[in-house]
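Asks: Dock chain B against the given chain A, drawing on the hints supplied.
The listed protein sequences correspond, in order, to chains A and B.
The opening position of the first sequence corresponds to residue 1 in our numbering, with each subsequent residue numbered one higher.
The opening position of the second sequence corresponds to residue 1 in our numbering, with each subsequent residue numbered one higher.
Simulated from the structure, these hints should not be mistaken for laboratory data.
Even for Gly, the Cβ is constructed at its ideal location relative to N, Cα and C.
A hint or two may mislead.
[As the list claims (entries may be wrong)] Anything over 10 Å on all C-beta distances counts as not near chain A; from chain B, calculated:
| # | residue |
| --- | --- |
| 1 | 12 |
| 2 | 26 |
| 3 | 37 |
| 4 | 80 |
[Said to hold, decoys possible] A short, non-exhaustive set of chain B residues, derived as facing chain A with CB atoms under 7 Å:
| # | residue |
| --- | --- |
| 5 | 5 |
| 6 | 7 |
| 7 | 58 |
[Stated by the list, open to error] Derived lysine to aspartate or glutamate pairs resembling EDC-like cross-links, with alpha carbons at most 16 Å apart:
| # | chain 1 | residue 1 | chain 2 | residue 2 |
| --- | --- | --- | --- | --- |
| 8 | A | 625 | A | 405 |
| 9 | A | 187 | A | 175 |
| 10 | A | 88 | A | 218 |
| 11 | A | 29 | A | 207 |
| 12 | B | 11 | A | 161 |
| 13 | A | 586 | A | 466 |
| 14 | A | 88 | B | 46 |
| 15 | B | 47 | A | 91 |
| 16 | A | 408 | B | 46 |
| 17 | A | 15 | A | 558 |
| 18 | A | 389 | A | 193 |
| 19 | A | 408 | B | 56 |
| 20 | A | 625 | A | 685 |
| 21 | A | 408 | A | 142 |
| 22 | B | 11 | A | 175 |
| 23 | A | 428 | A | 396 |
| 24 | A | 408 | B | 18 |
| 25 | A | 389 | A | 189 |
| 26 | A | 597 | B | 60 |
| 27 | A | 408 | B | 60 |
| 28 | A | 400 | A | 431 |
| 29 | A | 669 | A | 218 |
| 30 | A | 277 | A | 425 |
| 31 | A | 197 | A | 91 |
| 32 | A | 499 | A | 549 |
| 33 | A | 247 | A | 289 |
| 34 | A | 247 | A | 207 |
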Amino acid sequence: MLDKAKDAVIDREFKLVGSRPVRPDGVDKVTGRARFGADISAPGMLVGKVLRSPHAHARIHSIDIHAALQVPGVKAVVTRDDFAENAKHKDVLCNVMARDKALYEGHAVAAVAATSAAAARKALKLIKIDYDILPHVTDVDEAMRDDAPLLHDDMITSGVDPAPEKPSNVARRFEFGHGDVDDGFAKADVVIEREFKTEAAHQAYIEPHACLASLTEDGHGELFCCTQGHYAVRDICASLCGLEVSKLRVTASEIGGGFGGKTTVFLEPLALVLSRKTGRPVKMVMSRDEVFRASGPTASTSSSIKIGATRDGRITAGQGEFRYQGGAFTGSPVQFGAMCAFACYALDNVKTVGYDVVTNRPKQAAYRAPGAPMAAFAVESVIEELAVKLGIDPIEFRLKNAAQEGDKSSYGPTFPRIGLIETLEAAKAHEHYSAPLGPNQGRGVASGYWFNFGGATSVSLNIHPDGTVALVVGTPDIGGSRASMTLMAAEELGIPYDKVNCIVADTASLGLNETSHGSRVTFASGLATIEAARNAKTEMCARAAMIWEISEEAVTWEDGHAKPAGANAGDFEPMSLADIAKIAEKTGGPISGHFEKNPAGAGASFATHIVDVEVDPETGRVEVKRFTAVQDAGKAIHPSYVEGQFQGGAVQGVGWALNEEYVYGPDGKMQNAGFLDYRVPVCSDLPMIDTVIVEVPNPGHPYGVRGVGETGIVPPMAAVANALSAAAGVRMTELPMSPPKVLRAIDDTRPSIAAE
Amino acid sequence: MVQVGLWGSLKAAVGGVDTVEVEAANIRQLLNRLSEAHPGLAPVIEKGVAVSIDGEIHQDNWFAEIPPGSEVYVLPHMEGG
Numbered sequence: 001m002l003d004k005a006k007d008a009v010i011d012r013e014f015k016l017v018g019s020r021p022v023r024p025d026g027v028d029k030v031t032g033r034a035r036f037g038a039d040i041s042a043p044g045m046l047v048g049k050v051l052r053s054p055h056a057h058a059r060i061h062s063i064d065i066h067a068a069l070q071v072p073g074v075k076a077v078v079t080r081d082d083f084a085e086n087a088k089h090k091d092v093l094c095n096v097m098a099r100d101k102a103l104y105e106g107h108a109v110a111a112v113a114a115t116s117a118a119a120a121r122k123a124l125k126l127i128k129i130d131y132d133i134l135p136h137v138t139d140v141d142e143a144m145r146d147d148a149p150l151l152h153d154d155m156i157t158s159g160v161d162p163a164p165e166k167p168s169n170v171a172r173r174f175e176f177g178h179g180d181v182d183d184g185f186a187k188a189d190v191v192i193e194r195e196f197k198t199e200a201a202h203q204a205y206i207e208p209h210a211c212l213a214s215l216t217e218d219g220h221g222e223l224f225c226c227t228q229g230h231y232a233v234r235d236i237c238a239s240l241c242g243l244e245v246s247k248l249r250v251t252a253s254e255i256g257g258g259f260g261g262k263t264t265v266f267l268e269p270l271a272l273v274l275s276r277k278t279g280r281p282v283k284m285v286m287s288r289d290e291v292f293r294a295s296g297p298t299a300s301t302s303s304s305i306k307i308g309a310t311r312d313g314r315i316t317a318g319q320g321e322f323r324y325q326g327g328a329f330t331g332s333p334v335q336f337g338a339m340c341a342f343a344c345y346a347l348d349n350v351k352t353v354g355y356d357v358v359t360n361r362p363k364q365a366a367y368r369a370p371g372a373p374m375a376a377f378a379v380e381s382v383i384e385e386l387a388v389k390l391g392i393d394p395i396e397f398r399l400k401n402a403a404q405e406g407d408k409s410s411y412g413p414t415f416p417r418i419g420l421i422e423t424l425e426a427a428k429a430h431e432h433y434s435a436p437l438g439p440n441q442g443r444g445v446a447s448g449y450w451f452n453f454g455g456a457t458s459v460s461l462n463i464h465p466d467g468t469v470a471l472v473v474g475t476p477d478i479g480g481s482r483a484s485m486t487l488m489a490a491e492e493l494g495i496p497y498d499k500v501n502c503i504v505a506d507t508a509s510l511g512l513n514e515t516s517h518g519s520r521v522t523f524a525s526g527l528a529t530i531e532a533a534r535n536a537k538t539e540m541c542a543r544a545a546m547i548w549e550i551s552e553e554a555v556t557w558e559d560g561h562a563k564p565a566g567a568n569a570g571d572f573e574p575m576s577l578a579d580i581a582k583i584a585e586k587t588g589g590p591i592s593g594h595f596e597k598n599p600a601g602a603g604a605s606f607a608t609h610i611v612d613v614e615v616d617p618e619t620g621r622v623e624v625k626r627f628t629a630v631q632d633a634g635k636a637i638h639p640s641y642v643e644g645q646f647q648g649g650a651v652q653g654v655g656w657a658l659n660e661e662y663v664y665g666p667d668g669k670m671q672n673a674g675f676l677d678y679r680v681p682v683c684s685d686l687p688m689i690d691t692v693i694v695e696v697p698n699p700g701h702p703y704g705v706r707g708v709g710e711t712g713i714v715p716p717m718a719a720v721a722n723a724l725s726a727a728a729g730v731r732m733t734e735l736p737m738s739p740p741k742v743l744r745a746i747d748d749t750r751p752s753i754a755a756e
Numbered sequence: 001m002v003q004v005g006l007w008g009s010l011k012a013a014v015g016g017v018d019t020v021e022v023e024a025a026n027i028r029q030l031l032n033r034l035s036e037a038h039p040g041l042a043p044v045i046e047k048g049v050a051v052s053i054d055g056e057i058h059q060d061n062w063f064a065e066i067p068p069g070s071e072v073y074v075l076p077h078m079e080g081g
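The shape of chain A in the complex, shown without the other chains (with noise of 0.2 Å):
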């Protein structure tokens, strides 16, 4: 089926597909009817609330809750001693309770359920912790120093041969690459080296974690969550809490955006815990400052790169070592980033090396290709300055150098119809890349990639009798995917949109579903949608045939009716899905068709952008005059979202490189946890963000789908910041580029001025 699929790609004509209808929870949402996390309530429900670590790193001796206990209306309290060990899961409960000590400030070390908030805000106060306060480190450099406070005495870095003998806060290694850049690097007429620093940025979604637990003494729980994946959040908290899986049935809530931080658990465990503790429902949502101290940022890194080029424009060789570090425990995505680093490029000496390393600040969570947007502000900086250097402009000299199908990608395997040339041209051929400038102001560039994947996947898709068509996706809907599924569906039984329902389920409803993250959704849930629609067609079509009395393979279906398939098949009146499903009681019970895979096949999207800028020389502020996302959606099913997700990806974008930042203070405490001291862009700071989709379809999907969500967040640092150098002349390497650091420079290059 999907081999056929391949084969049918692309030059069909679609009727819904690629039309823009609203979208099917629309009316939830402008309404306030939708449930998001928070807005669901049981009887008897009692309120959860965790007690947090003040210090960035220190050992608890011990928690002393009697007192909490005694409040009126605390009806329990639960620390490290509630949940067992877990060898699959240790970094995870670590982080949601601390263990043998609080690695960062905000980590859960207690958590209190009570009749009412206040009372459970005042048995928090009541819990005495004795900690040892110990010496921290929330820089990355500083973490792989030699010297360095030890968060963790085990911690032996994986990826060196031979392996160090001490323990570091550098927990792995990774190198890839191709060639020999030194042989790459005495071939360039021009070699640029820098040095780049980026701080962790969260992914700041409107809405904060929330649930609602209930779980019995037999284990039997309920759990209402906002998450990107209810399946990994039944699976992590059925392991944590020691249930059977089948017992917990997890329904993702509405969400208020995840951007990758809504992939793991936070609170849930502990409500269910609390739960089964006390007998009754369990309801916990965090405060703002609660997101921002406790919940995962990205990861803040340091990174080195070196490329070289001939007069000509090519590139020799290109070389990087990026160091991320990404909170308290192993994970910062520093291998995606030295892999995607120079993935623009068919190079023939390459070379990229990463370092995972842990600090004293929160565990970092995916944000929107993960590991790729840091990577891409420190190469795409370099290769913008190396075509100034060489008088080439900045897209002719990508265009020289760009990866496209057949070419070695740099972190191994040979890129396959890729559409970043593609990318590169209209981006070239937009007016936007010759219009004008104003004074102080700058024009930059950038590309991005990122891998997109499948995963596993399980639709359902459910004729009803009058004719109607219910989908069953288990893929939370984070950028408007039930349009998409609907559409898709739709397009395939030939009916109009709004005759088809698509429902996010539950976890007992419908088979595994890999989380909503990779840019996966479309792709997966939409080739799961399009083959469970051609099977319950099959099934369509031979309930047809037994009516026509003819074979099955007489029958065919065309414009949502079977049809005889031709002359020598009879001629028979054409039924439509709805005379079909009217009598399907009759003629074999219910119809529906169902899909499960794990599919490969999810097609790469590069993206290129260009950014205006205007630095103002008196403050150092930047302000975004023009921005324009051009990326490859392969086929764009609902364009509106499409664009949408360019345009989140470039604003985020956008914020990560002027504003974003975690400020931390010498007591290795963050500053500024809050929407008015962490800065995030709103409407009235930037212009309308134009896009264009680049369709250059993927083969490994029926309709041609490539992910799109991630790929957008990858270029505007880098475009920002190149735009930044053209309008002031200043080369900023370190993120956020805000008004002091943007001043400050501007004051380097004016020695007279600045000794005034």
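Replies: Only chain B this time, still in chain A's reference frame:
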């Protein structure tokens, strides 16, 4: 025989070379035989890896076929946002 490219951190477990050869017709055979021939790879494989076959990335997909002459790379397990 399948020529398998390994990401750099795995080189240490296979004597410092970039590629190794194993007899395998699918990913399960590939991973099992890599672990048998190079025990140092076993913990990484057990934890989870992705496998690229002719540029198509497979994850947790044991019975994906490896056609003769394919380009095969073992890569870190993919995660996304």
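Asks: Taking the hints in turn, state whether each one holds.
Replies: How the hints compare with the structure:
1. A cut-off of 10 Å between C-beta atoms contradicts the statement that residue 12 of chain B is not in contact with chain A; the least separation is 3 Å.
2. For residue 26 of chain B, the shortest C-beta to C-beta distance to chain A comes to about 12 Å, beyond the 10 Å cut-off, and the non-interface label holds.
3. No Cβ of chain A comes within 10 Å of the Cβ of residue 37 of chain B; the nearest lies about 17 Å off, and the non-interface call holds.
4. With a least beta-carbon separation of about 3 Å from chain A, residue 80 of chain B fails to lie farther than 10 Å from that chain, contradicting its non-interface assignment.
5. Proximity of residue 5 of chain B to chain A holds as hinted, the smallest CB-CB distance being about 5 Å (cut-off 7 Å).
6. For residue 7 of chain B, the interface hint holds, since its Cβ comes within 7 Å of a Cβ in chain A; the closest pair sits about 6 Å apart.
7. Satisfaction of the interface hint for residue 58 of chain B is found here, the shortest Cβ-Cβ separation to chain A being roughly 4 Å, below the 7 Å cut-off.
8. Restraint check: the Cα-Cα separation between residue 625 of chain A and residue 405 of chain A comes to about 35 Å, which exceeds 16 Å; the hinted pair is violated.
9. Of the pairs offered as hints, the one joining residue 187 of chain A and residue 175 of chain A is violated, with about 23 Å between alpha carbons and a cut-off of 16 Å exceeded.
10. Taking the CA atoms of residue 88 of chain A and residue 218 of chain A, the gap is near 24 Å; set against the 16 Å cutoff, the hint is violated.
11. The hinted pair formed by residue 29 of chain A and residue 207 of chain A meets the criterion: a straight-line CA distance of about 13 Å does not exceed 16 Å.
12. Between residue 11 of chain B and residue 161 of chain A the alpha-carbon distance is near 9 Å, which keeps this suggested pair within the 16 Å criterion.
13. Between residue 586 of chain A and residue 466 of chain A, the direct Cα distance comes to roughly 14 Å. Compliance with the 16 Å bound is thereby established for this hinted pair.
14. At most 16 Å may separate the alpha-carbon atoms for a hinted pair to count; residue 88 of chain A and residue 46 of chain B meet this at roughly 12 Å.
15. Distance check on the hinted pair: residue 47 of chain B and residue 91 of chain A sit about 14 Å apart at the alpha-carbon level, within 16 Å; holds.
16. With a CA separation close to 27 Å, the supplied pair residue 408 of chain A and residue 46 of chain B exceeds the 16 Å bound.
17. With a C-alpha separation of about 12 Å, the suggested pair residue 15 of chain A and residue 558 of chain A falls inside the 16 Å cut-off, and the hint holds.
18. Distance restraint check for residue 389 of chain A and residue 193 of chain A: the Cα-Cα separation of roughly 13 Å lies within the 16 Å cut-off, and the hinted pair is therefore satisfied.
19. With a C-alpha separation of about 13 Å, the suggested pair residue 408 of chain A and residue 56 of chain B falls inside the 16 Å cut-off, and the hint holds.
20. Of the pairs offered as hints, the one joining residue 625 of chain A and residue 685 of chain A holds, with about 9 Å between alpha carbons and a cut-off of 16 Å not exceeded.
21. For the proposed pair residue 408 of chain A and residue 142 of chain A, the alpha carbon gap of about 35 Å is over 16 Å, so the pair is violated.
22. Proposed proximity of residue 11 of chain B and residue 175 of chain A is supported: the alpha carbons are some 9 Å apart, at most 16 Å.
23. For the hint linking residue 428 of chain A to residue 396 of chain A, the alpha-carbon distance of about 8 Å falls within 16 Å, and the restraint holds.
24. For a cut-off of 16 Å, the pair hint linking residue 408 of chain A to residue 18 of chain B stands: about 15 Å separates their Cα positions.
25. Proposed proximity of residue 389 of chain A and residue 189 of chain A is supported: the alpha carbons are some 11 Å apart, at most 16 Å.
26. A hinted pair counts as satisfied when its Cα atoms are at most 16 Å apart, and residue 597 of chain A with residue 60 of chain B qualifies at roughly 11 Å.
27. Restraint check: the Cα-Cα separation between residue 408 of chain A and residue 60 of chain B comes to about 24 Å, which exceeds 16 Å; the hinted pair is violated.
28. Distance restraint check for residue 400 of chain A and residue 431 of chain A: the Cα-Cα separation of roughly 21 Å exceeds the 16 Å cut-off, and the hinted pair is therefore not satisfied.
29. For a cut-off of 16 Å, the pair hint linking residue 669 of chain A to residue 218 of chain A is broken: about 41 Å separates their Cα positions.
30. Distance check on the hinted pair: residue 277 of chain A and residue 425 of chain A sit about 61 Å apart at the alpha-carbon level, beyond 16 Å; violated.
31. For the hint pairing residue 197 of chain A with residue 91 of chain A, the CA-to-CA distance comes to about 27 Å; that exceeds 16 Å, so the pair is violated.
32. Proximity of residue 499 of chain A to residue 549 of chain A is assessed by CA-CA distance (about 29 Å); at most 16 Å being required, the pair is judged violated.
33. Under the criterion of a C-alpha separation no larger than 16 Å, the hint pairing residue 247 of chain A with residue 289 of chain A is inconsistent with the structure, at around 33 Å.
34. Taken as a hint, the residue 247 of chain A and residue 207 of chain A pair is broken in the structure, with Cα atoms around 28 Å apart against an allowance of 16 Å.
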